[in-house]
Amino acid sequence: MKGKTPPSLEDPMSAEIATGITDEPLDTGALIDSARRDTCGAVASFIGVVRNHDGGESVDAIEYSSHPSSQQILRDIVMEFKDRPGVHRIVAWHRVGYLEIGEDAMVVVVAAEHRAQAFRAVEAIVEDVKAKLPIWKKQELTDGSHNWSGL
1 MKGKTPPSLE
11 DPMSAEIATG
21 ITDEPLDTGA
31 LIDSARRDTC
41 GAVASFIGVV
51 RNHDGGESVD
61 AIEYSSHPSS
71 QQILRDIVME
81 FKDRPGVHRI
91 VAWHRVGYLE
101 IGEDAMVVVV
111 AAEHRAQAFR
121 AVEAIVEDVK
131 AKLPIWKKQE
141 LTDGSHNWSG
151 L
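One point on numbering: in our numbering, the residue at position 130 of the sequence shown is 130, and numbering is uninterrupted.
Treat the hints loosely; a few may be bogus.
Quick list of simulated restraints, FRET-style, between CB atoms [stated by the list, open to error]: (1) 113 <-> 54: 36 to 42 Å; (2) 116 <-> 144: 45 to 51 Å; (3) 144 <-> 41: 18 to 24 Å.
Treat the hints as calculated values from the structure; they're not laboratory data.
Positions of the beta carbon are idealized from the N, C-alpha and C atoms, including for glycine.
Please work from the sequences and hints to get the whole structure.
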């Protein structure tokens with residue numbers, strides 16, 4: 001993956017984290033594999049994929065743009081979860097730029113001691129990213145028009 005991954009935290013009582021915003025295709029398999037830990041019995045993930053429709057309209061592609069602070073905000077969001085009991089590793093990456101139907105736009109992975117811990121953390125992180133991360137989506141519609149969301 002061409003994006004830079006910030007160094008992991010060294011505090012053994014906190015989860016290691018890796019976050020990134022990139023205009024390169026996400027290597028989803030590598031991101032999931034990077035979360036695995038021998039101390040964890042569960043790895044849960046969310047993969048946001050560009051779909052071909054939204055709100056009853058046909059979509060051809062999406063272009064994501066981001067605020068310059070997006071990388072730090074994504075890291076801050078993930079940092080809020082690093083001290084959750086049982087969570088050992090959190091990986092969260094988001095694409096920007098032009099994405100075609102079927103491409104992965106966001107990947108969030110949590111490795112935890114137990115599945116419930118991993119599932120809860122993934123869901124909460126995804127919801128926070130959707131609510132707080134300043135990334136905007138321009139959808140190119142099949143009829144030639146476009147619309148924006150996240151503004």
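Do the hints match the structure? See the list:
no. : hint                    : result
1   : 113 <-> 54: 36 to 42 Å  : holds, 37 Å
2   : 116 <-> 144: 45 to 51 Å : holds, 46 Å
3   : 144 <-> 41: 18 to 24 Å  : violated, 50 Å
Going down the numbered hints, you'll see the structure goes against just number 3.
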